[in-house]
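K.L.:
Since chain G is already given, all that's left is putting chain F on it; use the hints.
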Amino acid sequence: MNAKVNLENTEVAIIKGTTPQESVLKGIETLGGISTFIDEGDKVFIKFNLNIPGGFPTNTNFDVITAVVESCKDAKAEKIYLGSFPLKGVSIKKISNLLNLEEYFSGIGAELTYLDNSNLYDETNLKQDHINKIKTDSFSIFNNNDREFLVPKVILDSDKLIIVNQINVNPLFKINSSLLNSSSIVSPKYQEFGVKITDNSEYISLDQYKTNSISAILDIYAIKKPDLVINDLFYVLEGAGPFIYKDSNLKKTNYVVIGKNSVSVDFITLKLLNIETKDDDLIKEAYKRNLGIIDLEKIKILGEVLDENGINIDLCASKLEDINVKNYRVKSGKYCSGCFKFAYHLLNFMKSNLVKDLKYNPNNLFLVGQNPPEPDYYGNILLFGDCAINSTKNSDFRTIKKESKKGNEKKYNTKDKILKKQKSQKKPKNKFKTNDKVLELPGCPPDILDCMTMFMKYYGKSNMPNLSFFKEIIETWVDPKDKKNLRAMGVL
Amino acid sequence: MLTYNSNIDLGDKLKINDTKIRIPLTPVEVNPYLLYHLFEVLYPKFINDHNNILDIILSNDGKNVINIYFYETKKPGIHGSIEKLPHDIIKFHKKDLEDINKFYSRIIDSIVKKKGIRVSSIRIFKEKAIDYINQYCVDIEDSPFALLLSEGFDLIQNLFEQELLVVYPEPHLFRYLKELIAFLNGRRLSTIFRLTYALLPEFNLAFVFGTEGLTVILHLQKLIVSKSETPYLRLKLMVPDELGISNEISDKNEILRLVQQHLQIDKAYYLNQNDMISLLTEVINLPIKLKEENLSLFIQKILFGFRSFENHWHLKPRPKIYNNLLRFLVRLFGFNLNLRKISHWAVPEFIFNIIRNNLGLNFKILLIISDITKFKKLNLSNFKYLEKVTRYLFVIEIENNTLVQIHSVKKEDLIIDKEIESLESLRLRFSAKYGYLSSIIILDKLLLQSLIKNFMFEHSKIAPRSKIRTLKMFKEQKFFYMFPELPPFKLIKKKGSISLIKLLLPIIIDKHEF
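Line order of the protein sequences matches chains G and F.
The first sequence runs 836 to 1327 under our numbering.
The second sequence runs 224 to 737 under our numbering.
Here chain G stands alone, though its shape is the one from the complex (with noise of 0.2 Å):
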């Protein structure tokens, strides 16, 4: 654990092949073959892509996690375990159940791990200190920069860790490196970068939230270095992503990127996708903390040539005034990374999944970061996030001035009018109500899955057909009594 990085000789395979899993397998071969990584009887854990019940690329290639596993056992691994944490509120065992992973796995000769012990928790009576028992025997406390991580045995007791990363855009880190891939080796809950607020109003001035990021992800990395990193980005998803939106594509490029270190496969990576290093502050802090080389001179690379095989793809919006949504404007005020990145999915799920639903709730107004713009006109408001509900408290648009007549509104009959006079024109009293077309959306930064039934009251089930439907969808995989049992197991 820890061990230092060993800076001199840092390899990295730039492979291009006719499918994804002979990449691998060629990348493996160009750094010397899978005995380099692996000895006879390791007990090795695969790292890869698990975020919820869905297809390639929301999830690593299984292909290439077979071509990986077969690897593995040729060089004689004794056991070969696989696993990653997925989306907040999702249980392991609920993704496998429906995916069938355990037994495909088990069929391909390695384990799906329950890092989340989530397949204990069918047993009817999981009182509290078996569940305690459980999360000793399952967990170690592992402390790095001042922060407490519950790390899963399994992986701290393998003797190898490999990294299997799909490439897709990301809308905070351009790209999911194998460097953010490997945060998933501790829950959610440990994975909340934002929550370390130093000073609330430099918070968003500092982006506080993008820091915490990187803070957390290499610590996290730090716990236990990967022996073998692989990129995988024969096909990267591009234009909206990690997840598969509406603006997504998925370019072939043919390209798999393999090497020892993280920072050195993923700097690489970037190079070879045509992306500024320059201003990556993952790669850079990476490099400041020693975790590896970002030096082209210092890489050796081997396989393709860097500089002649350069692929440009289409990253994520970088402003979330670029995401079109139908019927929706957005305006922003200073916002930190963790809104953008949460609206960000919002806005990509609405645009998405939501077609109907957008077309029958005309004009709305999201607005999102500290003190946004004045609306200029009062059709439904958004506010997405503590900072654009608290900064907008005292707004104009928070009140509807109503003229009431009812001051000069004396009725007067036909005789009235003829034998009297009015006396005095009194003025229209002016009546204040609040808006009740805001919709606040709180948290900070918002947690979409509340979003999606705050719309749904909002709105109205009738005006939200589509929401309706995929909300069902989504409660077949997001389930209440998981979620209060990852809880109880400290990972939520």
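Because the hints were derived from the structure by calculation, they are not lab data.
Treat the hints with care, as some may be off.
[As the list claims (entries may be wrong)] Restricting the straight-line Cα-Cα distance to at most 25 Å, the calculated cross-link-like pairs of lysine to aspartate or glutamate (DMTMM-like) are:
no., chain 1, residue 1, chain 2, residue 2
1, G, LYS923, F, GLU708
2, G, LYS1186, F, GLU425
3, F, LYS514, F, GLU393
4, F, LYS701, G, GLU938
5, G, LYS1086, F, GLU620
6, G, LYS1318, F, GLU708
7, F, LYS718, G, GLU946
8, G, LYS1296, F, GLU736
9, F, LYS597, F, GLU452
10, F, LYS717, G, GLU938
11, F, LYS490, F, GLU425
12, F, LYS716, G, ASP957
13, G, LYS923, G, GLU1307
14, F, LYS514, F, GLU402
15, F, LYS656, G, GLU946
16, G, LYS1169, G, ASP994
[Said to hold, decoys possible] Quick list of the computed label-pair ranges, beta carbon to beta carbon:
no., chain 1, residue 1, chain 2, residue 2, range
17, F, SER683, G, PRO1315, 37 to 45 Å
18, G, PRO1315, F, ASN517, 36 to 44 Å
19, F, LEU601, G, PRO1315, 34 to 42 Å
Each residue gets a CB set at the ideal place from its N, CA and C atoms; glycine is no exception.
P.N.:
Structure of chain F alone, referenced to chain G:
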């Protein structure tokens, strides 16, 4: 046909007489003017829209010219006369087939110089193609029509697979057929036709293709005489005058009523001839390796057409679902069944979203088409029964939302481990061969038949019981099963049929009436 075409004056009004001529390569006899009209309308759209055609018959080795025929056309598609030209009018080399564009230019120059006429299209047949065509035409008038269609598909496949026919400039239809046959990779078009034909219920329909020129009536009938015999397919093409329907009648519903009355049919559809031609043109312009966006747009157009009842199409008897009072009553029970408000703009995207979200952008699925009709007792406790009931197996491969390949799988490959109740052993075996299988879908013929009958042939019939029965079949393992049970399938299994309809109807039908 040539005599008729050469005698008719262009712009002639329809002259109905008792003469009937056979549509080339079919046993269907029609009024000559109808055939003239069909060629006039369809040929320029699907084959060639220029005048004069040259047919060149080559020896099978492609070295020698056997015959050359020149067809003069008054209008594109209307073959007026045929003239046999001397062999030496053009010089032919085997290599000419490799650069057909150059050869075509040479032919044009040569024919212009020697005959003073301009040829706009050449059709090159190898002798074997003529043999195949002649073989196909033997007993053409006595063969059952369904069998003839099947043989017709075989003929087309043979001509293209063996490169026995070249047409230049290549029509879109030919490009489409060539790509389709290449995509099928040895699988027979005739098999697909027979499979599809077997799924269709018994029907007796007429389609009236209306236009300002000549209205065409197509009478289609599938008769099931007995379970043991092959269903009988009947096709007739006619013009309204042949049924005693005057050309003066412009009311579409009245035409349909008369057609229904004369032909004694269950349903009569009135469709616009130009709309149908546009639709067919759209189909042949679709890439064979279908992309999601192409398919989505195509489905949108079909749904838009479907919702335009009594605008783009008419149906007799008029379906009760279009009765406002009845629809109002149905709505009182919480079902909005306004078929004129089908969300053509949202439904395709919704379907593709479900696929994308659950299967991803690259995936492979194993599709098992079963037929349980012959097996009264099936042990459904494990999937061993599939070995008996499976009829067809396909591995469908999708890459970046595009259909890239359909692999046919031999039935013998479907061996299910008795001890393993799930289909995982099968998935592992197939994944090793074809790559990771995201899903195995088992679809029984009975469900397909029920879907086609209740949702396609009786699309506008309310019939809640039969429709719910069909939907319920999705929950029964012997009719439909998805392994692993992905979220949408879990939802279907979990929800009652009525609540599922209530959940889906607002997505399929627009909320607003106006």
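K.L.:
It remains to establish, for every hint, whether it holds in the given structure.
P.N.:
For each hint, the structure was consulted:
no.	hint	result
1	G:LYS923 with F:GLU708	holds (22 Å)
2	G:LYS1186 with F:GLU425	violated (44 Å)
3	F:LYS514 with F:GLU393	holds (23 Å)
4	F:LYS701 with G:GLU938	holds (23 Å)
5	G:LYS1086 with F:GLU620	holds (17 Å)
6	G:LYS1318 with F:GLU708	holds (22 Å)
7	F:LYS718 with G:GLU946	violated (33 Å)
8	G:LYS1296 with F:GLU736	holds (18 Å)
9	F:LYS597 with F:GLU452	holds (16 Å)
10	F:LYS717 with G:GLU938	holds (23 Å)
11	F:LYS490 with F:GLU425	holds (12 Å)
12	F:LYS716 with G:ASP957	holds (21 Å)
13	G:LYS923 with G:GLU1307	holds (18 Å)
14	F:LYS514 with F:GLU402	holds (15 Å)
15	F:LYS656 with G:GLU946	holds (22 Å)
16	G:LYS1169 with G:ASP994	violated (46 Å)
17	F:SER683 with G:PRO1315: 37 to 45 Å	holds (42 Å)
18	G:PRO1315 with F:ASN517: 36 to 44 Å	holds (41 Å)
19	F:LEU601 with G:PRO1315: 34 to 42 Å	holds (38 Å)
Hint check: violations occur at hints 2, 7 and 16; the rest are consistent with the structure.
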